[in-house]
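Residues per chain are reported as follows:
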Amino acid sequence: MRIELDGLTFDYGSGNPVLDGITLDMAEPQVISILGPNGVGKSTLIHCINKILKPTGGTVMVDGIGVDGYTLKEMARKVGYVPYSSSDTFPLTVFDTVLLGRHPHAGWRTSDEDLETVADVLDRLGIQDLAMRYFDELSAGQRQRVMLARGLVQKPRVIMLDEPTSNLDIRHQLGISRTLKELSRTDGIMVIMISHDLNIAARYSDHVVLMHEGRVFSVGTPEEVLTEDNIREVYGVESRVIDVDGHPYVILRDDDADSSGDLSVEPVCNR
Amino acid sequence: MTGHQSPDDILDEYSRHTGRRFLFLAALAVAVAVLFLVSVTVGTRGLSVAEVFGLLIDHLSGVTYDRATEYGLWFDDNIVWNYRVPRAIFAIVAGAALAVAGAAMQSVMKNPLADPYTTGISSGALLGVAMAMVLGFAVGGSGVDGFGITLNALLFSMVPVLVIVVLGPYINGSPSTLILAGTAVSYLFNSLTSILLVITDQATMATVYRWQVGHLGDLTWDSIPLVLSVTVVGTLVLLALSNRLNVMSLDDRDARALGLDGEGLRMVCLVLLSFMVATVIGYAGVIGFVGLVVPHMVRMVIGSDNRFVIPGSVLFGAAFLLGCDIVSRAMDVSELIPVGVVTAFVGAPVFLYLIVRNRRGVW
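Read top to bottom, the protein sequences are chains A and B.
Under this note's numbering, the residue at position 27 of the first sequence is numbered 27, and the numbers go up by one with no gaps.
Under this note's numbering, the residue at position 354 of the second sequence is numbered 625, and the numbers go up by one with no gaps.
Hints are supplied without guarantee of correctness; some may be wrong.
Derived list of chain B stretches under chain A, where covered just means 3 residues or more per stretch with a C-beta under 8 Å from a C-beta of chain A [what the hints assert, rightly or not]:
# : segment
1 : 307-320
2 : 502-516
So the derived label-pair ranges between C-beta atoms look like this [what the hints assert, rightly or not]:
#  : chain 1 : residue 1 : chain 2 : residue 2 : range
3  : B       : L468      : A       : S87       : 33 to 43 Å
4  : A       : N270      : B       : F293      : 49 to 59 Å
5  : B       : I466      : A       : S87       : 56 to 66 Å
6  : B       : L384      : A       : R77       : 29 to 39 Å
7  : B       : I466      : A       : T56       : 45 to 55 Å
8  : B       : A511      : A       : D112      : 47 to 57 Å
9  : B       : S447      : A       : K73       : 44 to 54 Å
10 : B       : A511      : A       : R185      : 35 to 45 Å
11 : A       : D6        : B       : A300      : 53 to 63 Å
12 : B       : S447      : A       : M61       : 35 to 45 Å
13 : A       : R271      : B       : A619      : 43 to 53 Å
Don't read these hints as lab results, they were simulated from the structure.
These figures come from a predicted structure and were not determined experimentally.
From the three backbone atoms N, C-alpha and C, an ideal C-beta is built for every residue, glycine too.
Construct the entire structure; sequences and hints are all you get.
Now the structure itself:
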């Protein structure tokens, strides 16, 4: 599986491009994290890969074929997608929610194979107990697993996730990230995830793409990309990067925080 | 839950869940049949239940009465067979059409408030009806009697749909804004209808008024074929699309990522639904709240899966409109209370209750 972007540009019609010439070559099962400040075009980038958006310029090739050569259904069988959040206007049970992910494979009726695939994936992700619960009754961590399950029953070769660890407590952040890493190892899936958590990205990614002003600022292993200089340049934030168990670990600094002065009252927070 | 569930356990549990949903559908089907039988026994002519069923069975087994020698029986048979039965059948078909249209519309617009009213389709159809009756203007030249009114309703109901189709690409994304656009169009149409009512005479105004509220009087066997065929075809198409409707209920981007072009399917569905609704309005006027309330009541019982909400709405819509028609005639046999008044009277409080209770955040 190979995804090649060449000079990819995108703008929403306003004249100033969100993506301004992205060139990337991603291949083979691995975990790739896309990092960068808010509004830098991370979501737009992954939406251009699976035809949610149509690029305004450049080319996007999936397995050697331009994305225009795929129907939406064909694309959905190759590339799974886990959105940042999902609508719960008309909540379904978890089972039926995950079943929606079978649409790219489904005929007019739901087949036994569809049902079995759903049951297997629920079991695999350890959320079989939630099968008959309604989606809107779930916690953020449970929802994230359900959305991941929906992406996996698409049986894709690539799965793209938009901030899968945001809104999750630390235990669930690690749990989801570990699951994604396992998927790349045991199922041979290429995992592309957008992240705001530099340390999660550093700990679990094989490669990191750091974006800045609609362009790729730096690509490489976490050690190569996550440097104090790069973080200062892209985020405008001072940091210290140390090595913990062979992974870079980013400690954020804010030297101005203490200069904002003392409180004029004595704050109270007891139990 | 106790212990670890294997994939087979999940499938078992899911099939039990599915079985319960089928059971609900079966119960609704029984309710429709019972209400049908109740419906044909209610009316101005005080026939007993036994008499009505006797007449029905006789008629179905081919017994005929001579008008000259058996006038009483002939008259009763005529009442039951040519007025009550088609009226009950029409109520079943119209209730099914309105409810299923509401259910599908809510899914494709991703909005729990979508129904033929809020999208302007009803107002368009009503303007068509008013133009036919007040100005004598009917498309196709078949006159105000016959199909003229229905054709007018169909044609004018397409105007809001066209507005939605044409404006769709220019309105920024959200299907909710399409509903606002529909509401704007419907205000415009209602004001045009009002102008027509001002310039017309008392008798026509009273007739148009009945259309405005929705009524089931004056229906005969002639009213059935068109509505029935449009409803059956529309319902079958929606049943076939029910999996896609589930995907459509998601964000348009999510739907695309799952391989479905939401915009295209939404327009196809809207045209289909306005056909179904306009045909009903062409015969019975604007019967409100069926399309809005019935799908939500179904969702409260069996959840939002369209594979079951679509057939559930067909059956529950039929039962609802039949029931409301029975109530309207039971309250006043001379039919001064149009059925639309009863659907609103029942529907509005139910709607309020649903909003307040809002279990499971159906919206």
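Regarding L384/B and R77/A, is the given constraint of 29 to 39 Å on their beta-carbon distance met?
Cβ of L384/B to Cβ of R77/A: about 35 Å, so the range 29 to 39 Å holds.
A range of 53 to 63 Å was offered for this pair. Does it hold for the Cβ distance of D6/A and A300/B?
Taking Cβ atoms as reference, D6/A and A300/B lie about 59 Å apart, which means the hint holds.
Mind checking the hinted window 47 to 57 Å against the Cβ distance between A511/B and D112/A?
The hinted range 47 to 57 Å is violated for A511/B and D112/A, with Cβ atoms some 19 Å apart.
For the segment 502-516 of chain B, count the residues whose Cβ lies under 8 Å from any Cβ of chain A; is that count three or more?
With 3 residues close enough to chain A, the hint holds.
Range hint compliance [Cβ, I466/B to T56/A, 45 to 55 Å]:
holds (48 Å)
If you check the beta carbons of S447/B and M61/A, does the distance land in 35 to 45 Å?
Hint holds: Cβ distance 36 Å, inside 35 to 45 Å.
Chain A over the segment 307-320 of chain B, status - at least 3 residues with CB closer than 8 Å
As far as the segment 307-320 of chain B goes, the hint is violated, because 0 residues have Cβ atoms under 8 Å from chain A.
Could you check the hint for me, namely that S447/B and K73/A are 44 to 54 Å apart, CB to CB?
violated (27 Å)
Using the beta carbons of N270/A and F293/B, state whether their distance is inside 49 to 59 Å or not.
At roughly 58 Å between Cβ atoms, F293/B and N270/A fall inside 49 to 59 Å, so the hint holds.
Does the Cβ distance between I466/B and S87/A fall inside 56 to 66 Å?
Check failed, 41 Å falls outside 56 to 66 Å.
Could you tell me whether the CB distance from A511/B to R185/A stays inside 35 to 45 Å?
holds (41 Å)
Could you tell me whether the CB distance from R271/A to A619/B stays inside 43 to 53 Å?
Holds, at about 50 Å.
Violated hints, in rising order: 1, 5, 8 and 9; the structure is consistent with all others.
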